[in-house]
Structure formats: C-alpha cells, structure tokens
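S.K.: Build the complex from these two chains, which are given one at a time in their own frames, with help from the hints.
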Amino acid sequence: MILAVAGGKGGVGKTTLAYNVAAALGAVVVDADLGMADLPGGRGPDLHDVLAGRADPIETLRAGPVEVVPCGRTLAGARACDLTRLESAIGRLERERGTVVLDCPAGRRSDAGVPLAVADASVLVASPRAFALADAVRTRELARELDAGLVGCVVNRVVEEPPTETIADALGAPVAVVPADPRVGRSVEDESPVVDAAPDSDAAVAVRDVARRVPS
Amino acid sequence: MQIRGTAGMDLAWTVEQDGGVSLVRCRVHNDEAVPRRIRLDSRLDGPVLPPRRAGVPEAGWDAGGVVVRLGPGASRAVGFAVPAEPTEPPVEVGSVTSDRESVQGSDEGDPFSGARSETPVLDAVRTLGDHRPPRDAVATVGNRREDGEKGETERDDGAGVDPISDGEAGDGGVAPTVVDEWLDAVADRVDRAERLTGADLGTATEVVEEADGLDGVSDLRRRIETDAERLRAVSDRTAALAARAESTDVPIEALERLA
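Residue numbers (our numbering), protein chains in the order written: chain X, 3 to 218; chain F, 2 to 260.
Calculated from the structure, these hints are not laboratory results. The model shown is predicted, which means the values in this text are computed figures rather than measured ones. For every residue, glycine included, the Cβ atom is placed at its ideal position computed from N, Cα and C. Watch out, some of these pointers could steer you wrong.
Not the full set, but computed from the structure, chain F residues with beta-carbon under 10 Å of chain X [as the list claims (entries may be wrong)]:
no.: 1; residue: E33
no.: 2; residue: A125
no.: 3; residue: T128
no.: 4; residue: G217
Derived list of chain X stretches under chain F, where covered just means 3 residues or more per stretch with a C-beta under 8 Å from a C-beta of chain F [stated by the list, open to error]:
no.: 5; segment: 112 to 122
no.: 6; segment: 193 to 202
If we strip away everything but chain F, and leave its shape as in the complex, we get (with noise of 0.2 Å):
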C-alpha cells in the first residue's frame, strides 16, 4: 500500500491487476476541521468501472473518477476497476474544495450527500429493487415457459422427456412446432430482406414502412446477423446429431431375449 499526504489529506491506494483489468483500492483521510469535498481522478488510461446498484454507477462516479464528501477528521475507502495496465500512482486527487454548506443535519453521515444524487430517478433505480421479471420467467426460442406448458423444457437429463415432441416417436420429417414456428419468423425475415437486396426505390419504400421506419429496418439487419449464425449452428449441430442418430443400431431383439 502506498500512500501520499497532501494539504491536510492523505491518500493510501493498492493496486491489483487480474484478467487485464486493473483493480484500485483507495482510501482517502481528511486531516483538516472542515468537510471538504475531493475529487479522485484515475490515471489509468482507460474508462473508470465505478462500482453500481441495479446497472447504475453510485451517485458521485464518472468516467473519470468519483467525487467524496469528507467530514473533519473523515475517511472514506472507494474502489474501481480499469480495463486497463495499472500505472503508479493510479489515482490522483483532482480537486479539493470545502463543503461548509452540507455539514448540517441528516447529511453528516453520508460520505456521498455531497455528491448527492443528479437526479431522483437514478436515486430510485439505485435504492429500489430491481423491477425486471427474472430471465426464467421470460421465453425465448427453445425456452418457451412463459406459456406454462412447457416448463421442462429445460430438463436436460438427456433421457427424460423429449420438450418438444413430448416423447412421441415417429413423427418422422416434421418439425416440431417450437422450431416450426422459430424458422418461419426467421422465413419472414429473411423475405423482407431479399426484397431489399438490390431492390428499386418503390419496393423499398414498402419494405421500410412495413418495417416500421429506418430504426425497424436497422432491427432487421441485426436480427438476420443473429438469424444466419444460429442457423448455421443449428444446422451444424443437426447434420452431427442426423448422421450420428443415423449409424444407431439398438438391438432391442437381443434385449428382448436377455429380458
């Protein structure tokens, strides 16, 4: 741990690198009588990972550093991360200024009022829980249980029940419904796209209005991106699985004569 003292402050810091990603640990001491509000500036060359509460940064961090209020006599441990090489030193005090104003009432022990909140929304993102559904409860292709029905989808015993055609054998040839459904959005997709591919400007028109819009338009080139990979693995993984399904042999007539 190193540390610096500078009017009436010190500063004390570690640094760790992991997974190239360097990790600071500060702690900033305020020797003076009077709340003061420092500034800690990273020198690190890279964007400033503050530390967040449901996906937003703390109240008082930037890219660039974060902002702490010190009572007299005060300290206070901040960390971050760097997605980059560490340096030495890898913080450096910004800007010192006194913060008479906020010493009053209910704000001496919070180190952050100072830099309180930019707004109420991010302070009710930050304090409240979460508000999302949990990523179980939502369906995506091959995990249907929003609708109940298919809650097993993802058991994957490998010999319980087949979540699609429901352990019935035989239905040789057809798809099941789940992917039935999957290739047919991906079919249309794809159609809209064709008739954009060189197309004139009158289909084109028609295409960007069925699309909703340019941004609609932009969706759909992402989507055939995502649409051509998964393809491309499914149909890799099916062929494997087709001549692998293919070249069993269960000999269930010398099973049945062990039986």
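Here chain X stands alone, though its shape is the one from the complex (with noise of 0.2 Å):
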C-alpha cells in the first residue's frame, strides 16, 4: 500500500501529518520533497542518491519511532533526480515494509504528481484557510487524473470550528479535523508521533481516523 500525503499548498502541515499518519499505520514515511525536504535527515543516502541511481533504496531508511527516507537538501541534488526512478524505489520499500507513506510537494509540477502517480491512494492536507481549499481542490483533481484514490482530507491547525461539511462536499471525502496542538507540531522534529505521545489527544484521535481509511 502507497499512501501520498498532498495538499498543493506548501505550510499546511503535509510533513507533520504524513509522519504521524505513517506512525499510525506503522508505515515507512518517504520525504519525497525533492526541493524542500522537511523530515529529519541522517547523513548517509538519501532519496536524491536513490533517484539519481546512486544508492539502493532499502539503505536509506532510518530508524526512529517512525522508518524514515530522508531526502537531500541540495538544489544540485533536487536537480539530478530522474523522477522516473520513483516508482521502483517506492515499490521496492513497499515490499520490504508494506506500506510506504509519501510526503509529497507543494505545487502541481512533475515532483508534486509523480508520487502521485505512484500511489495507490491518498490523503489532502488543508489548512482551515480559503486559498488552502482551493489548492486542496486542484490537487484532487490531479490526484483523480493520476489515479490516486482520494481516502480521506485532513483540515490542519484548527482553531475554531471549520465548516466540515462544506469542506468534506468541495473535496468529496470524508474530513478529519486535527486541532492546533503543539504536540503535534513538534512531533517531527522530537521524533515523537502523536499517536504515541499522546494517544488520547483529538489529533492522535484525528490521526487514526485518517489511518483507519486507508485500505492495507
């Protein structure tokens, strides 16, 4: 199972939620920002080698509370990927962990739909915010053309109640609201996903709402 993290704005939260989804499904999570990598790096290979032939996929991963692929922080390195080397990285971890989570771009560009077009489904990330909706919105559509079956959206960094039906009818599925917490926040960067840290919080609720949906 291939689950894309998506939600064509960059800053809604796609990282965060890509790693605390990946906890719950105790899944590998793949940093598939080529330009922007967010989740945590380590110093060996990483997905910029992967894609650019030189490193084998299954050397990337990095243990932690969540398996990690880390990915390069370099321009030089984003610009010597061969995207079309993503499939069969992705589909080399996916048969040595069995599900894989990618944290895909921000933006409609090839790095943005080719994870995409490697998934099996995927879930939209969106702030409570007009303008993040409407990028959601056209990231569904890119994720419908390429083939990525929508599971699920999350609305991120709530603070008052957003209007969840609208959202849920805009986007066409079902919506998981995860609550502004700082917990969940620093849960990338302390390595510390939510669902563990705190397993009775809304978000960790959220979280396993979201996992629940996708099909193994």
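M.R.: Spelled out as structure tokens, the structure:
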C-alpha cells in the first residue's frame, strides 16, 4: 500500500501529517519533497541518491519511532533527480516494509504529480483558510487524473470549528479535523508521533481516523 | 516527398540530413473506415531519437519506431531523428492492426491513445512541469549562487568587483576561500585515491568503507579523473595569467601627473 499525503499548498502541515499517519499505520515515511526536505535527515544516502541511481532505497532507511527515508537538502541534488526512478524505488520499499507513506511537495509540477501517480491512495491536507482549500481542490483533480484515490482529507491546525461539511462537499471525501496542538507541531522534530506521545488527544484520534480509512 | 500506399493506408515522407543526423518527417493516412493501430519502423541504421517532453519520450515511441492510432480517414504526422546516413525509404509500416475497442469515448481526439503510456508516472513527468530547480540556482565550483552573498560571481565584465577577493588587493600568496575549499576537497579525494593505489587489503577495505562501498569508489575514480582535467586546465590558465600579470606595468605616476 502506497499512500500519498498531498495538499497543493506549502506550509499546511503535510510533513507532520505524513509522519503521524505513518506512525499510526506502522509504515515507512518517505520525504518526497525533493527541493525542500522537511523530515529529519541523516548522514547516510537519501532519496536524492536513490533517484540519481547512486543508492538502493533500502540503505536509505533511517531507524526511529517511524522509519524515515530522508531527502537530500541541496538544489544540485534535486536537479540530479530522475523522477522516473521513483516508482521502482517506492515499489521496493513497499515490498520490504508493506506500507509506505509519501510526503509530497506542494504545487502541481511533476515532483508533486509523480508521487501521486506512484501511490495507490491519497490523503489531502488543507489548512482552514479558503485559499488552502482551493489548492487542495486542485490537487484532488491531479490525484484523480493520476489514479490516486482520495481516502480522506485533513483540516490541520484548526483553532475554531471549521465548516467541515462544506470542505467534505468540496473535496468529496471524509474530513478529519486536527486541532492546533503543539505536540503535533513538534512531533517530527522530536521524533515523537502524537499517537504515541498523546494517544488520547483529539489530534491522535483524528490521525488514527485517517489511518483507518486507508485500505491495507 | 515520397508517397507509398499499402493496404488502405498512405505513408509519405521526407528525409533531411544535418550534421550527421537524419531528420525524418512522415505523414500517415488511414483510408479505411475503421480505426487502426499502425507501427512505423525506422529503416535507418541507428537508434531513433524520438520527440521528448521533460526528457521523457512521447508515448508510443521506442528505439525502433512509433505506434500511432488513427481513426477512420484520419492522418497523423510524426517526425524523428536518427544519428545515421539517410536511406530510402527511411520508414516502413511494421504492422497494422484494427483498433476497434478504443474508438469510442474521449479517446477520439487523441491519436496516441492506442499507445497510451506504459505508466502514469511517465505521463506525469511528460505533462506536468519540470520539477528541477533552474541551473542558475545550483552552486558549482566558482559559481556559488546558492548562498546568496556571492551573487555577482557571474559578472564577467572584467573591470567589476573581483568576486573572490571582493576587490581587495594585496592579499598576495593566499588563495581565495572558494578556491581553497575546492582544492581541499580535491586533496581529500586524491588522498583517498593515493591510499588505494597499490594498497594492501586492510587499507583498501578501510578506504572502501569510508567511500560508502564500491559504488563510492567508482564515483571517486570518476571524480578524480575530472579533478585531474580541471586542475590541469586551471594550472595552465593560472600560469599564463601569472606571467601576464608579472609583465604588466601600470604607470601610476605618469597617470597621476597627467590627471
């Protein structure tokens, strides 16, 4: 099972959600944001090396509460990436680890599209602002064209009760609401997924809710 | 333009030669009342260079030719290049099959739909914009744009700011930072390569481990080769520049008197 966490707009919390949903699924999370990596890095080979044909995807796995495939931080590395290698690399990880979560970049260029094309299903992340929703709708169209069935969407960092029904109507998928919670915000940096650190929090409930909808 | 008709189908072509490459243009027409899938094979002695988008060949192309799908009475023009001498005819029809199943629906307007892409990944790479950051944004030796502060490196007007020493004269004998960094990196690699040259098993294992395995070592070899070339080029240029610099004589006193 390959799940893409996408959202069109940057800064809505795709990485945080990808990391936490991966924790709930017991999955590997891959930092597929080639130009602006967010998940913790490391010293070893990373996704840039894999997409440049220099490393095997399995050697990039970085142990932790959630296994991470980090992405390089250099623009030169991003430039050298051949996106057509992504499918076989992620396929390899899926065969080894079962479930793979892809943290997708913002936008609608090929670096955002190819992970969706590789994925079996997708989750969209939006912030409660109207323009973030517009981006999420566009990304949903892209996911639909590329056959990454939408299993749900997440409205992230919610302070006031959002118009969940309107959002669900616009995106055509069930909506989970993740409240603004500092434990969620810190979870990636601290490598402490909210489903472990605060299993009873509303955020953890929402993350598990999304994870449950992912077909195994 | 030459035309050849085969079994309810017309194929016309032209070949041009340009710099050792033959450019083949052809037009194929389906005379039948049924949609057909037609394979065109190159007869030239070399690999077909197909049209590409974002570095990925268009759907339907391979190293030998292309498959096009034509509706009833429809025509299609295709072109490709082959690094070889032209031959006549440059293309031939490889196979023609009827393509009944994909005629309905939205495929109608898409002549390649019969050869629709092998994978959605290639489609995505082809149709969505290029993901790569522009070359100008990427740092290379001597062109460190990425850190922002060396933005003027590319200013090559000769009289402008020296990007490396920032216009300060008189730090003779000391290599500028960028050059230093580069030379240090080269020295590291040469060090490693020297340790591998005629090394015993123990040392070799150690170095291979340091270099992240055999791939790393083959990478090292490639880079060393490039390093050697660059060093040679730089040394030639610096020697020539040093000689020219030494033979100049800026007549500052004379100029001051004139001013």
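S.K.: Now tell me if each hint is right for this structure.
M.R.: Verification of the supplied hints:
1. E33: violated, 32 Å
2. A125: holds, 4 Å
3. T128: Because about 8 Å separates F:T128 from the closest Cβ in chain X, which is inside the 10 Å limit, the hint holds.
4. G217: holds, 9 Å
5. 112 to 122: holds (count 8)
6. 193 to 202: violated (count 0)
When each numbered hint is compared with the structure, violations occur for hints 1, 6.
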